[in-house]
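Asks: Single-letter residue listing:
Protein chains: 2
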Amino acid sequence: MSALAEAGITPDAAMIAAAARRLAPVVRRTPLLSSPFLDDIAGRRVLVKAECLQHTGSFKFRGGFAAVSALPADARAQGVLAWSSGNHAQGVALAARMHGVRAVIVMPRDAPRTKIDATRALGAELVLHDRATEPREEIGARLIAEQGLTLIRPFDDPQVVAGQASTGLELAQQAEAEGVARADVLVPCGGGGLTAGVALALADTAPGLRVRPVEPEGFDDTVRSLATGAPQSNTARTGLCDAILTPAPGALTFPVLQRLCGPGLVVSDRDTLRAMGAAFERLKLVIEPGGAVALAAALFQPQVLTADAVIVIASGGNVDRAVFARALALED
Amino acid sequence: MSALAEAGITPDAAMIAAAARRLAPVVRRTPLLSSPFLDDIAGRRVLVKAECLQHTGSFKFRGGFAAVSALPADARAQGVLAWSSGNHAQGVALAARMHGVRAVIVMPRDAPRTKIDATRALGAELVLHDRATEPREEIGARLIAEQGLTLIRPFDDPQVVAGQASTGLELAQQAEAEGVARADVLVPCGGGGLTAGVALALADTAPGLRVRPVEPEGFDDTVRSLATGAPQSNTARTGLCDAILTPAPGALTFPVLQRLCGPGLVVSDRDTLRAMGAAFERLKLVIEPGGAVALAAALFQPQVLTADAVIVIASGGNVDRAVFARALALED
Numbered sequence: 003m004s005a006l007a008e009a010g011i012t013p014d015a016a017m018i019a020a021a022a023r024r025l026a027p028v029v030r031r032t033p034l035l036s037s038p039f040l041d042d043i044a045g046r047r048v049l050v051k052a053e054c055l056q057h058t059g060s061f062k063f064r065g066g067f068a069a070v071s072a073l074p075a076d077a078r079a080q081g082v083l084a085w086s087s088g089n090h091a092q093g094v095a096l097a098a099r100m101h102g103v104r105a106v107i108v109m110p111r112d113a114p115r116t117k118i119d120a121t122r123a124l125g126a127e128l129v130l131h132d133r134a135t136e137p138r139e140e141i142g143a144r145l146i147a148e149q150g151l152t153l154i155r156p157f158d159d160p161q162v163v164a165g166q167a168s169t170g171l172e173l174a175q176q177a178e179a180e181g182v183a184r185a186d187v188l189v190p191c192g193g194g195g196l197t198a199g200v201a202l203a204l205a206d207t208a209p210g211l212r213v214r215p216v217e218p219e220g221f222d223d224t225v226r227s228l229a230t231g232a233p234q235s236n237t238a239r240t241g242l243c244d245a246i247l248t249p250a251p252g253a254l255t256f257p258v259l260q261r262l263c264g265p266g267l268v269v270s271d272r273d274t275l276r277a278m279g280a281a282f283e284r285l286k287l288v289i290e291p292g293g294a295v296a297l298a299a300a301l302f303q304p305q306v307l308t309a310d311a312v313i314v315i316a317s318g319g320n321v322d323r324a325v326f327a328r329a330l331a332l333e334d
Numbered sequence: 003m004s005a006l007a008e009a010g011i012t013p014d015a016a017m018i019a020a021a022a023r024r025l026a027p028v029v030r031r032t033p034l035l036s037s038p039f040l041d042d043i044a045g046r047r048v049l050v051k052a053e054c055l056q057h058t059g060s061f062k063f064r065g066g067f068a069a070v071s072a073l074p075a076d077a078r079a080q081g082v083l084a085w086s087s088g089n090h091a092q093g094v095a096l097a098a099r100m101h102g103v104r105a106v107i108v109m110p111r112d113a114p115r116t117k118i119d120a121t122r123a124l125g126a127e128l129v130l131h132d133r134a135t136e137p138r139e140e141i142g143a144r145l146i147a148e149q150g151l152t153l154i155r156p157f158d159d160p161q162v163v164a165g166q167a168s169t170g171l172e173l174a175q176q177a178e179a180e181g182v183a184r185a186d187v188l189v190p191c192g193g194g195g196l197t198a199g200v201a202l203a204l205a206d207t208a209p210g211l212r213v214r215p216v217e218p219e220g221f222d223d224t225v226r227s228l229a230t231g232a233p234q235s236n237t238a239r240t241g242l243c244d245a246i247l248t249p250a251p252g253a254l255t256f257p258v259l260q261r262l263c264g265p266g267l268v269v270s271d272r273d274t275l276r277a278m279g280a281a282f283e284r285l286k287l288v289i290e291p292g293g294a295v296a297l298a299a300a301l302f303q304p305q306v307l308t309a310d311a312v313i314v315i316a317s318g319g320n321v322d323r324a325v326f327a328r329a330l331a332l333e334d
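From first to last, the protein sequence lines are chains A and B.
If you're matching positions, the first sequence starts at 3 in this note's numbering and goes up one per residue.
If you're matching positions, the second sequence starts at 3 in this note's numbering and goes up one per residue.
Hint data in this document are derived by calculation from the structure and do not stem from the laboratory.
Note that the structure is a prediction, hence the values are computed from the model and not measured.
Positions of the beta carbon are idealized from the N, C-alpha and C atoms, including for glycine.
Incorrect hints may have been included.
Stated by the list, open to error - Facing chain A, from chain B, some residues (calculated, C-beta under 10 Å):
no.: 1; residue: Ser36
no.: 2; residue: Gly319
no.: 3; residue: Arg323
no.: 4; residue: Ala324
Please work from the sequences and hints to get the whole structure.
Replies: Below is the structure:
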């Protein structure tokens, strides 16, 4: 864990700007897409930030690269370690490869096959574990102690949050170019790294864009935590939206969400699959379940939105064929 | 038919630049995407111009908008007519709607449901016909005579070709930004409007990028025409790649292809479906069969490519769910 993370430091504007500068030569500036058909469904303008088109198929490349590039050279040379159901794994793996250093990734054995294969193909050394019986934290701690690796946390790390914030900086510029000054900004929320990063970026650059986290049914810890004012946790452990099935809000991220975000939204798995179908049909995008919850809320819960426009982050696209086929088979 | 088209005029650099200027405020500058996994399959750098992310889900918006915006105001006010299996239909329909004029579209009754529905939803007046018994040219000619509409041809119109050429202008800039000066540029080819437009744009701006048309098995009229030096036609009429099933090369486009393009490539339907699966998995893009033939050639016929990089145009994404499910079900 980095000294910054141990100190519980929230990334400030300078740290966010520095991360964006390090990312600039390598990150994909993902497009902000739209379709008149989606506008019709939602009854307002719908703008979709296609982070599924990011390197490694999700926004996690941003945080992974920001964190690895921020390490002191000697620590970085020893290699990095991450635990992840798959998207953070790929982001850290590619960031490590781009820096020429080792990445050791602890992944659950039941992660989607496409994520396991892709992480390995990016050159990472994989350690597969059983979610129920082998806590990833213990496995990770042992490897770190033995091999001098640096842990890159999936969300409770200021440099990771600063990297995810670059999504928000782009979004602010793109929304302005579209003439959108007021909008609900819906963000798929697991541990809250992307949500916090985007909220921090927009607070500085586009105060009329209000971030609201979106979670799947059964994993609405952040939504309940925001509603009650105190961290809540989930009891369920597995579900459709594998990318965002975290047990509780992050220690670093939750205070940011409390300070900057509007009320959260909860969507059903069925609506998430319908949103994946709508993105297929109208945007020509492949979005994974955990990346589609925000679009699901925008399309199918228009009554809880507050502005004339809604901006949606489609945070990832790493979905197995069989799951995508389920979304296609579901008639809207 | 416009006076320019009747005169058989090939768009020159000035006409192409003017079309690009008219398009600039409305067109999507589609991203040039890549994946290390695709590079591995092809044994070289693979860059994919994602025109499936264009408005209406295909490059056809470019040509449709360029042509409608080039009409004299009085002719435009009377409305436009197009015949199309679906992508040109949508491009013209949206272009007409953006200009506030009528669009009458003659479409085959067996066009993909998603294309028929989308064209109607874009405000066009649809006239459905039977490909075998009711020639679209006759239906169109009657409506034009009765209603004073202007025909927007799918490819044999200089303004349409000039609009498609804007894809090539973007590509030249994007390839340069990627450091690619020499490449095979593979373009899905039906009537040759996109292929000719891109070839004209690159001839002026990036001579090291060599355009090569790609067609599906059974519809390789352009490939054979280029090989023999004289226009050849197809006997088959229906197939997987509905967007590019034209009977013969265009009168305006073929001479351009003869002058500027390298040898064409022919791909099997099976490889096209495999390429759609690869784009799903590695690029998070939905590509329709007719839009995926170039990627199929890049991935599965590397032996016939001549440069260290290959640029592929993914020309459209308007595919029915059942067809996409077939691609997903096919193991690579």
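Asks: Evaluate each hint against the coordinates.
Replies: Verification of the supplied hints:
{"no.": "1", "hint": "Ser36", "result": "9 Å, holds"}
{"no.": "2", "hint": "Gly319", "result": "3 Å, holds"}
{"no.": "3", "hint": "Arg323", "result": "4 Å, holds"}
{"no.": "4", "hint": "Ala324", "result": "8 Å, holds"}
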